[in-house]
Amino acid sequence: MTQLRVRARAVDMLGRQQIAGIPTAIHELFKNAHDAYAERVEVDFYRRSRTLVLRDDGYGMTRDDLESRWLTLGTESRVNANNEEEKDHEDWRGPLHPPKRVIMGEKGIGRLAIAVIAPITLLMTRAVRPDGLHDLVVALIHWGIFEQPGIDISAIDIPIREFASGTLPTREQVAEFVDRVEENLRLLETEINPNAFKVLWDDLQRARAIDPDKLDKNLNAGREKPLSLSGDGYGTHFVVFPVAPELDDDIDGGADKESSKLERNLLGFSNSMVTNEPVITTEFRDHKLNEIVSRIGPRNFFTVDDFLKTDQLFEGEFDEHGQFVGAVTIYGKSRRFVCNWTGGNGRQPRCGPFSFRYGYVQGNASETSLAPEDWTAMTEKTDRLGGIYIYRDGIRILPYGNSDYDFLEIEKRRTKSAADWFFSYRRGFGYVSISHEKNWTLTEKAGREGFRENQAYRDFRSILINFFQQLAFEFFRRTSVQGEDYWAGKESFTLQSELLKKQKKKANNRRNLFDAELKEFSKKYEDGFFEAESSRVKWYVRDKLALLLSEQDVGVFSGSIRDLEMEARSQIRALYSQTAVQLPRGLALTERLRKDWAAYEYMSGEVRESLLEPLRFEVETEIRKVIDGRIPDVERRAIALQDIERERDNTVKALVSLRRETSLASREMQQALRSVLQEEFSQLRVNVELLVAEFARNSAQKPAELERIRNETEAKIAELRQKEFELFDSFRRQMVELTEGVKDRETLDDRFAALEARNQILEEQIEFYAEFAQMGMSVGILQHEFERAARGIRVSMSELKPWADRNSPIAIIYKSLREHIDHLEGYLKVLDPLGRRMHRSVVKISGDEILTVIHRVFDEILDSSNIKLVVTHEFRARKVDGKSSAILGAFLNVVDNAVYWLNSRSEGEKNITLDADDVGFLISNNGPGIEERIKHRIFDFGETKKPGGRGMGLAISRETLNREGFEIDLVKTGLDVSPQFRIWPKEEQGEQDDGATS
1 MTQLRVRARA
11 VDMLGRQQIA
21 GIPTAIHELF
31 KNAHDAYAER
41 VEVDFYRRSR
51 TLVLRDDGYG
61 MTRDDLESRW
71 LTLGTESRVN
81 ANNEEEKDHE
91 DWRGPLHPPK
101 RVIMGEKGIG
111 RLAIAVIAPI
121 TLLMTRAVRP
131 DGLHDLVVAL
141 IHWGIFEQPG
151 IDISAIDIPI
161 REFASGTLPT
171 REQVAEFVDR
181 VEENLRLLET
191 EINPNAFKVL
201 WDDLQRARAI
211 DPDKLDKNLN
221 AGREKPLSLS
231 GDGYGTHFVV
241 FPVAPELDDD
251 IDGGADKESS
261 KLERNLLGFS
271 NSMVTNEPVI
281 TTEFRDHKLN
291 EIVSRIGPRN
301 FFTVDDFLKT
311 DQLFEGEFDE
321 HGQFVGAVTI
331 YGKSRRFVCN
341 WTGGNGRQPR
351 CGPFSFRYGY
361 VQGNASETSL
371 APEDWTAMTE
381 KTDRLGGIYI
391 YRDGIRILPY
401 GNSDYDFLEI
411 EKRRTKSAAD
421 WFFSYRRGFG
431 YVSISHEKNW
441 TLTEKAGREG
451 FRENQAYRDF
461 RSILINFFQQ
471 LAFEFFRRTS
481 VQGEDYWAGK
491 ESFTLQSELL
501 KKQKKKANNR
511 RNLFDAELKE
521 FSKKYEDGFF
531 EAESSRVKWY
541 VRDKLALLLS
551 EQDVGVFSGS
561 IRDLEMEARS
571 QIRALYSQTA
581 VQLPRGLALT
591 ERLRKDWAAY
601 EYMSGEVRES
611 LLEPLRFEVE
621 TEIRKVIDGR
631 IPDVERRAIA
641 LQDIERERDN
651 TVKALVSLRR
661 ETSLASREMQ
671 QALRSVLQEE
681 FSQLRVNVEL
691 LVAEFARNSA
701 QKPAELERIR
711 NETEAKIAEL
721 RQKEFELFDS
731 FRRQMVELTE
741 GVKDRETLDD
751 RFAALEARNQ
761 ILEEQIEFYA
771 EFAQMGMSVG
781 ILQHEFERAA
791 RGIRVSMSEL
801 KPWADRNSPI
811 AIIYKSLREH
821 IDHLEGYLKV
831 LDPLGRRMHR
841 SVVKISGDEI
851 LTVIHRVFDE
861 ILDSSNIKLV
871 VTHEFRARKV
881 DGKSSAILGA
891 FLNVVDNAVY
901 WLNSRSEGEK
911 NITLDADDVG
921 FLISNNGPGI
931 EERIKHRIFD
941 FGETKKPGGR
951 GMGLAISRET
961 LNREGFEIDL
971 VKTGLDVSPQ
981 FRIWPKEEQG
991 EQDDGATS
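Residue 1 is where the sequence shown starts when you use the UniProt record's numbering, and the numbers rise one by one after that.
Read the hints as simulated data drawn from the structure, not as lab findings.
Treat the hints with care, since some could be wrong.
With a straight-line Cα cutoff of 25 Å, these simulated DMTMM-like cross-link-like pairs (lysine to aspartate or glutamate) come out [claimed, not checked]:
| # | residue 1 | residue 2 |
| --- | --- | --- |
| 1 | K309 | D485 |
| 2 | K702 | E712 |
| 3 | K438 | D420 |
| 4 | K538 | E618 |
FRET-style restraints, in silico, Cβ to Cβ [claimed, not checked]:
| # | residue 1 | residue 2 | range |
| --- | --- | --- | --- |
| 5 | E620 | M735 | 48 to 56 Å |
| 6 | L677 | D420 | 46 to 54 Å |
| 7 | K986 | K538 | 40 to 48 Å |
| 8 | Q348 | L495 | 44 to 52 Å |
| 9 | E162 | H97 | 23 to 31 Å |
| 10 | E860 | S497 | 52 to 60 Å |
| 11 | K505 | V293 | 35 to 43 Å |
| 12 | R660 | M735 | 16 to 24 Å |
Because the structure is a prediction, the values reported are computed rather than measured.
Quick reminder that beta carbons are idealized off the backbone N, C-alpha and C, glycines included.
Between the sequences and the hints, there should be enough to build the whole structure, so can you do that?
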């Protein structure tokens, strides 16, 4: 009797050739884990070794399961698995007995998807059953053999072995599996192309490097909930290799604002848009050469809370007739909405009922109701992942939701007419939820590329397309019946945005002018302008007086003295005016400008007190000496009175001009208000008359619909009245408030400034905390990565040492490498020899110990940069009590900054001086000076003058020192002054102050 024979290539055709790509294959394996009642499934991809490990904590497989089900194609074990009527017992769901799940795989070929990832699979599975834990079952499959033509499937041997007591196979035991497959390959060698045989053989040899026990320890190191098959662990693990290079492209292929193919296919495996506790959690960690990146963690996808950050929200149910009943929420206003499907011409759709939820975010920031940070975050998310996802019983169906699979042709319609078809595919996100029970007619293609395009799918798609079209018709066109919520909201937010932009632009212009004035004053202060001008005026007056002493004519003498006095006063007033910067009224200052203003007040006060006041006194004294006895007091008084009257006249003249301009502006405002009120009122009369005429015409034509027409007309008149009432009332309130403000000498600038100042503070706080949070995450990542890298370096060095001991050239390289590593470790252990005392809250630290640390860290760069470290005896002897980490960190930061700025000088001697006084430690250098106006700003987070600097070092140092009872400050400032920092314990400074005041 002739029988049907099956070639091995049938496995390849049913598996690898049916799957679109590696991400789709991984998705299939995730579904297998789901069906095994796993709570977690995780993937680790090692790029260097081209190895991918997929692990789950499902109920696993026994040896019988593996042989009779997993290694048997088209098994019936899951056929009708979701049909309760055909079951006579309850399925085993694992020891935790989670809620019943709908089985995703029924064809019995999804497991073959693993061949797409790599040609060789080491399968390890351990079952847990009602009778307890079973032995570990291990198999090695070379899928590459199944691709070869002419080989019967029965000729391929798959080695299987059991391991007892929760032990994992060693590398040597894996090699025994390889030997078995090699024997099988040798028997088939005559039937395989020589080139193909070599590839198969070489791929197989990679398995000899696999050590499951070591791999398990590495993957579970430091984890609270290990995913392991050793001990009491159970589940199924796959180790596949060598991974096809296409996976690298699938991971790295996404642009800045687009998701990669891996993300598009694997994110959102469970529907996290319904609950924050999905049925199964998935992870994909990418082990790159120098870092580990989580590609599909739970935080990377949309969540339930994201629907709260939308401008429009649509949610409801489509019943068995295709009718949608639900709610449409636009800018926070919710309306009930019913949408009927007419595409079936009276026929009931064949797809079944389903639920729907979809959120939409406006594309322009000026039209959104969201806070700026929420709009930015949601826009970035929808740009990468926006789309309509389909979930069957909580598990995603591919490829729906992918940005490159617009199955409802939303973008196509928008391209034809953006004004008519509101929605853009990338601006929204949401899901369609179907079930196996109610939507069994929607069946997936074998290749997992969506649903088969049967009548059920066509009805399903038609219902959704009709729904989006009706939404656009009903709510988002200018002529839409229910469009008032959208258009009123959009126009309101746009108007607010424009007003804010105008106000911000005006305020920024005023800030820029104010900033320029402060900088101009600071430059004159640092350049010694006021000292030079004061000296010039003083000597000018002295020289003039010396010439006038010989003048004998009293009239000439009196006139010349008067001219000189007026000229001197004019020049001194000019100097005073150059120290005067007016703080603009009603202008909210940034943190930087506030500190610049405080610095200006200090510097300008110093200039007036130490230079200009003494100058004026000295000039007046010099002139008085010369005129005493030669000009009568009466004449001098008359001259002074004339000067005062002249100043009065100039002041009045300036204010009269400004008063005239203010009155003119007031008249223009009143005229504009009258004009607008008249135009609005006239337009209202016209619109109302048009509505009355329309009512008369329509009611005459359709008397049977009189009530409807009257209600519509009354509603439109009420809408017009409400709109104009709000506008007129707003004008009235503004006029009343303006009048009250004028009476109270209060300006609109003052009110805006109060609001803007608060807003400015909040914005700066947000920026600060965002930067600080980013820094915190970066530090955490760096710490984790350094620990991992350090372990790798130590292992590699220990492996290299035996070679170095036997090979002199390598020994030289090894010695140099060892020295550099020791230097790195020395840098990271800067607290030695204090490290042994770090567990104490406070230790006594001397300048000598601080110097040891500085030498250990900076000796090499100081030598290469020709920077001399000058240390005084006072510094070495000085001791303080405190936490060494805070004090040493501050010293290292200040010295590091000094090295940078000294190296910015092209020539000259470069010194860093460590000293101490009665207050604390002193650190100075002869590099570029620091302006007085930024004396306090340099300790602000984000403030830096370094190109590419982050401005964190001094800010963190001060914050850390303050927490430990210490202070750091800049005590010497000026562009031509060597900067000097002081670090001191606060209580000592307090004692100094107390002593000074007693």
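Outcome of the hint check:
no.	hint	result
1	K309 x D485	holds (18 Å)
2	K702 x E712	holds (14 Å)
3	K438 x D420	violated (34 Å)
4	K538 x E618	holds (8 Å)
5	E620 x M735: 48 to 56 Å	holds (53 Å)
6	L677 x D420: 46 to 54 Å	violated (37 Å)
7	K986 x K538: 40 to 48 Å	holds (43 Å)
8	Q348 x L495: 44 to 52 Å	holds (47 Å)
9	E162 x H97: 23 to 31 Å	holds (26 Å)
10	E860 x S497: 52 to 60 Å	holds (55 Å)
11	K505 x V293: 35 to 43 Å	holds (41 Å)
12	R660 x M735: 16 to 24 Å	holds (22 Å)
The structure is inconsistent with the numbered hints 3 and 6, although it conforms to all the rest.
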